[in-house]
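4 protein chains.
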Amino acid sequence: MAQSKGTVVLAYSGGLDTSCILVWLKEQGYDVVAYLANIGQKEDFEAARKKALALGAKKVYIEDVSREFVEQFIWPAVQANALYEDRYLLGTALARPCIARRLVEIAQHEGAQHVAHGATGKGNDQVRFELSCYALCPEIKVVAPWRMPEFYQRFPGRRELMDYAKKHGIPVPVTPQTPWSMDENLMHISYEAGILENPKNQAPPGLYTKTCDPANSPDAPDVLEIKFERGVPVKVTNTGDGATRSTALELFVYLNDIAGKHGVGRIDIVENRFVGMKSRGIYETPAGTILYHAHLDIEAFTMDREVRKIKQGLSLKFSELVYNGFWHSPECEFLRECIGRSQEPVVGTVRLSVFKGQVYILGRESPRSLYNEELVSMNVQGDYEPADATGFININSLRLKEYHRLQSKVTVKQDE
Amino acid sequence: MAQSKGTVVLAYSGGLDTSCILVWLKEQGYDVVAYLANIGQKEDFEAARKKALALGAKKVYIEDVSREFVEQFIWPAVQANALYEDRYLLGTALARPCIARRLVEIAQHEGAQHVAHGATGKGNDQVRFELSCYALCPEIKVVAPWRMPEFYQRFPGRRELMDYAKKHGIPVPVTPQTPWSMDENLMHISYEAGILENPKNQAPPGLYTKTCDPANSPDAPDVLEIKFERGVPVKVTNTGDGATRSTALELFVYLNDIAGKHGVGRIDIVENRFVGMKSRGIYETPAGTILYHAHLDIEAFTMDREVRKIKQGLSLKFSELVYNGFWHSPECEFLRECIGRSQEPVVGTVRLSVFKGQVYILGRESPRSLYNEELVSMNVQGDYEPADATGFININSLRLKEYHRLQSKVTVKQDE
Amino acid sequence: MAQSKGTVVLAYSGGLDTSCILVWLKEQGYDVVAYLANIGQKEDFEAARKKALALGAKKVYIEDVSREFVEQFIWPAVQANALYEDRYLLGTALARPCIARRLVEIAQHEGAQHVAHGATGKGNDQVRFELSCYALCPEIKVVAPWRMPEFYQRFPGRRELMDYAKKHGIPVPVTPQTPWSMDENLMHISYEAGILENPKNQAPPGLYTKTCDPANSPDAPDVLEIKFERGVPVKVTNTGDGATRSTALELFVYLNDIAGKHGVGRIDIVENRFVGMKSRGIYETPAGTILYHAHLDIEAFTMDREVRKIKQGLSLKFSELVYNGFWHSPECEFLRECIGRSQEPVVGTVRLSVFKGQVYILGRESPRSLYNEELVSMNVQGDYEPADATGFININSLRLKEYHRLQSKVTVKQDE
Amino acid sequence: MAQSKGTVVLAYSGGLDTSCILVWLKEQGYDVVAYLANIGQKEDFEAARKKALALGAKKVYIEDVSREFVEQFIWPAVQANALYEDRYLLGTALARPCIARRLVEIAQHEGAQHVAHGATGKGNDQVRFELSCYALCPEIKVVAPWRMPEFYQRFPGRRELMDYAKKHGIPVPVTPQTPWSMDENLMHISYEAGILENPKNQAPPGLYTKTCDPANSPDAPDVLEIKFERGVPVKVTNTGDGATRSTALELFVYLNDIAGKHGVGRIDIVENRFVGMKSRGIYETPAGTILYHAHLDIEAFTMDREVRKIKQGLSLKFSELVYNGFWHSPECEFLRECIGRSQEPVVGTVRLSVFKGQVYILGRESPRSLYNEELVSMNVQGDYEPADATGFININSLRLKEYHRLQSKVTVKQDE
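Chains as they are written, first to last, in UniProt numbering: chain A, 1 to 416; chain B, 1 to 416; chain C, 1 to 416; chain D, 1 to 416.
Since the hints were derived computationally from the structure, they do not count as laboratory data.
These numbers were taken from a predicted model, which means no experiment stands behind them.
Accuracy of the hints is not assured; some may be wrong.
It does not matter which identical chain is used: a pair holds within one copy or between any two.
[To be verified] In silico DSSO-like pairs for lysine-lysine, Cα to Cα no more than 30 Å straight-line:
hint, residue 1, residue 2
1, K50, K166
2, K401, K317
3, K309, K401
4, K166, K5
The shape of chain A in the complex, shown without the other chains:
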């Protein structure tokens, strides 16, 4: 065994990869502390703890970060209507800085100089993990085995990992591996790689795990009322059975249930990774999809048009930063503050129906709405003077008329 390299805190998933990494890190001379974040994925955490200890982890942290994930990471994304490249609700990208923050805290608590993770060398997650770590603790050293030749050349494929596992007593999964990889948390699950790498291949029917196939989903909708304060959902009521949820985590879990039952939140996209390549991903984001639509609606109802436009630009930038791994950065912090400020008036209740893969907005009300029924009414003049619109149009047309005038002049000259 090599000379001791000190302690490393490993972001451990309980799966084959990070189990092999755990053992390999020990081989390299590290004391390994395993950290497994419970961020809402389906997992037998106690089994994972035992496994890590059995593999030689000096210590195992299993931390439930679900609540802070919802309140401190998902909620700001809801406020922002965060969407990467017009489609992706950022489920994985939001989870990484939440996991990494705790990873760094544990490293500091344990006096570890290193952290390690099992993210691959071509993906976004390595960037998200490491930028978070460096931003929060500049002196930390990151060990990324999948970027180290001594590791990735030893394990060019799954077979070599399996051999290594068998040799070192690492339990090997009993269920056959899916021909794609998955990453799950409370907000979403992603499917990529393997047979999905061919962007023409349709996702096989059995792939989805978080949402029901809309073809088999209930034939009657669930109708929900979602109440927002400061742009964040504070209460959901099912108008059918009267069920309500009011705490952030319970509310989000409940929306996941309802949306999942009705097949809401599936997408199949090609996206641009930060490292410069296009990749294909399939995602399920049930609750996130409902909240995206509901928040858009209550925001449009309560926010001034021009504030909204500015905020929309900030959100575009925010989404890009989150995707690229810059959650813990001065610019992202700045954007969260600005966006947060914009959400003060975003108060009210949205009524919507969830049905066969879709979310339908049905109506909305708010004590802070800028909607003025009397002003907009076709039957009431209200405080509105129609003749003003004439002046408004005329002044707006001035520039267009001047442009036309010049174009004509130029064209005539060219014709001469």
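Guided by the hints, dock chains B, C and D onto chain A, whose structure is given.
For chains B, C and D alone, coordinates are given in the frame of chain A:
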């Protein structure tokens, strides 16, 4: 009768409002030429012609502008992924400049100094009509009765219009009026005003006319392949029955049929009008919704990431301009050229499923794709050197580390 | 005399125009309260008070708003590096909402239903005044004589105003009128109209009043040190004579003196008015020009690169809004808060030289700087690993290589 | 000597660093082709050729790229009003892709697999060089000695370079080295590092080489007329002596002369490098500064307001891309096309004065101007109806009034 005020070309719809306006304009001393654009709405055009003539129109133009509407107005919007305030596909906003352009041409052909329309004084359409007219023909005079006190004070409500109609032999609609107003064209239909003015009121079930209720739509999807060239659909194939459509208009009509049958394209929103008020609108945009999703997908597959980001900003601006009525403006023309330029590589075929109100992307292929399956593969290293990612992350973290360093220094100082 | 129309508060300048307006408003049946804002212009305020009373003003308010102008309007513009169309420092645009705010307050205090101003019907100032008034007091009625036919048809030119003045005992200026119009406040003076309307005409040498001709300015510079906190100047020191100024108003006046003495702050531009026409303006902004350069420098020194980029976008929007008259709007308030937030670390001292019409930055220092001399040094490696740059460049080039690869493929195909 | 590694084309400057690199590359087993770009710097090119051959270069290319530098790189920057971080005219950043393009062409012509450069590992230039090379020739290999430990550890300081030079017969500069480094081309010269690394240190008086000290510059201005077509200068006339220049290169050189004589174009800034650190640079950009001001003016005079606003956003992005080294990228190419399209109407002549470090715009004229003297005139009503402005303001205030109404309601509620 008043002294002749010359000829006015009236944008005539065949309905009660513009029929009354036609007669009223004659009363005011205008010679009225009626112009009815066939832009894909359901209408008995021949009956409308007879009606206009019967009411005293000097001449009636009925012009089918459907094809130019699709090719010259909808296609640029598809290329732009045009969406106003994240939700509205701009069905009405795209139609207005198409109708207005022909209106001006007819006025010029007829030697008319005036054009008239029946748009209300609180809405967007007056602006869209008139900015188009002024931009294309600065010397034209617009007559907008709904902004003239002598008109709107005479007709404070529908009853007065009805009385006027009866008095002047204007045929009155036999079917009872819906308690909301509608505007239809090939791309969409809008519902607003009346009982919909209360934003909390759910749309009544019988309201929708262009799409089937998803609850009653077929239990099996239609799977389509849409082929794009330069960001514009050039062929659609139904993989079920092998049906294909290749010309712009036929293709669009076919997509309307398929989408309508599966209940695709319904939204209920509150939006911000250019004149400064919020309004509530319910829209059906069947084909437009399919094309929005399909184009987003093929564009993401073929366009460089950074070009896409710039183009996304241009599209946001484009959507706002179109909504506000600035289609015929130097800036909108500039944007169309820039966006058009970005679409050169947007070539390929998207496969999608239309089902129960939803559009699901299933896969895509393209000869111009920037997607590199070997590069992204988890199993092949390709031309990618994982160690490079280390440098990439480290350099990207430099700024974050410096920021942290300073923050710590400042915090320490403040603590002292 | 007409029936009483109630009280109007007139934004009074003491000049010929608003004196005539004062008398004319009385003729129309208004009780007139005159309000003259001391916003730093050269004016005999007591003479103006007597004049207004002599002309029949019921009451005269002369209010020194210079300090709030600097602290509440100029400072936010300095923080924003506000610049309209890359050149105009917004001197007039910043003053209007400051004057209008007090105008509304006086109206409310006097129980007046109306306010009036002497701004012309083609300019920006009418918009700036009125949007401010309406935003702060929606029920106020604005009387804008220069847009009322009964006024502007009566006074088509200066001669008619002079005649009216003579007839009504309004003192007529004894000095001959300049062949251009001027507007002055603490921040700047503008020259426009008259002989300047021809954009080819050079400004005559005697035009400038706030700055010395650089040809005649001192042959030795003044060297200043300007200290900033939260992006706002808090102290200026003249390193030559040791003079210092620390309160906002004194500091700004002092910078006006120094800059004026050295001929700093002259521009001659064509700009785009909000009402849609281009106009030509000549401006002198002495202190504002020094502060623009100084703030840019200290901000670049202390603000994170990416925060700066976002803030730059917000400032562009802010400048446009201020120019167009939207200071008192939800979006401008939002921007001020966001920009203000960005200024927290903008602390430090800039050393600069003022000489012959120019401001030269000489150096800067700050306790909050993100500049790291060791990191950037060519002679010290510091915490920087040069090999990381290789990975950084390689990953950044990935996308470019892919694009080239595709271009070659496409070109080859086309050649075949 | 090591085994042959093939041919490398070295971007050679003739100075000590790249001379040592040349010899070192040979030591490493490369055949070295030296390429020295004449991009307008002061240099004895023939002496450099002999030196390179004497040091063992297999071949020496000395290429005059000045003209293409002006026409293909500086002109697009002039069209864009390109400015990095509000101050830097991008002199070095524009030169790099011009030099690198030829570097790649020579490599391809020589069948070389490698290119090399002498840029340091902390700077922007390495990125600019290499991204250009990779974008134009993805399979090229870049050798960057200053990032290779075997090189930079051997040469930690200038002394070691000097020793190496003496040992290998490399001529050593006879003039003492300036305590800062310089980079010069036709557009600008930069000074950085050494004593300038302390951002507080004022530039020593003798530093500047391209511009006269304004304290000693002529006491009378030069007045120039610059004629633009498509946003590019096509003729300059000195109204004093009637001198004219019409070709791109001559015109630019002439403007450098005039601006240099009057001390125009000096700045001292702290900027943000792409690799994440702040650096301090002092620049002289004589002709570039005149053209920046002149182009801004003619553009404002001829371009529609809203087109300008969109183009301004594109230019901001363009400047950032150029600074970061992405000239040869799909997005920068896209921006150049869009910006180029915007320049069609940018035609006309600007009259300006160059004096004591400043450029003063005096007037402008154009056959394509959108400036309408009659429209803007205070004395002529023209086609403008003042009453329209009332409607324009009222409609624009609608939203503000609604916002106020709501704020009052909310405030009242909170007070209760």
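So, going through the hints one by one against the coordinates:
In this assembly of identical chains, K50 and K166 lie within 30 Å of each other by CA distance solely inside one copy; the values are 17 Å within and 66 Å between copies. For a Cα distance limit of 30 Å, the shortest separation of K401 from K317 across copies, 21 Å, qualifies, whereas the shortest one inside one copy, 36 Å, does not. Taking the shortest alpha-carbon separations for K309 and K401, both the intra-copy value of 27 Å and the inter-copy value of 19 Å come in at or below 30 Å. Within a single copy, K166 and K5 get their C-alpha atoms as close as 26 Å, which meets the 30 Å cut-off; across copies the closest is 44 Å, which misses it.
Of the hints listed earlier, there is not a single one the structure fails to meet.
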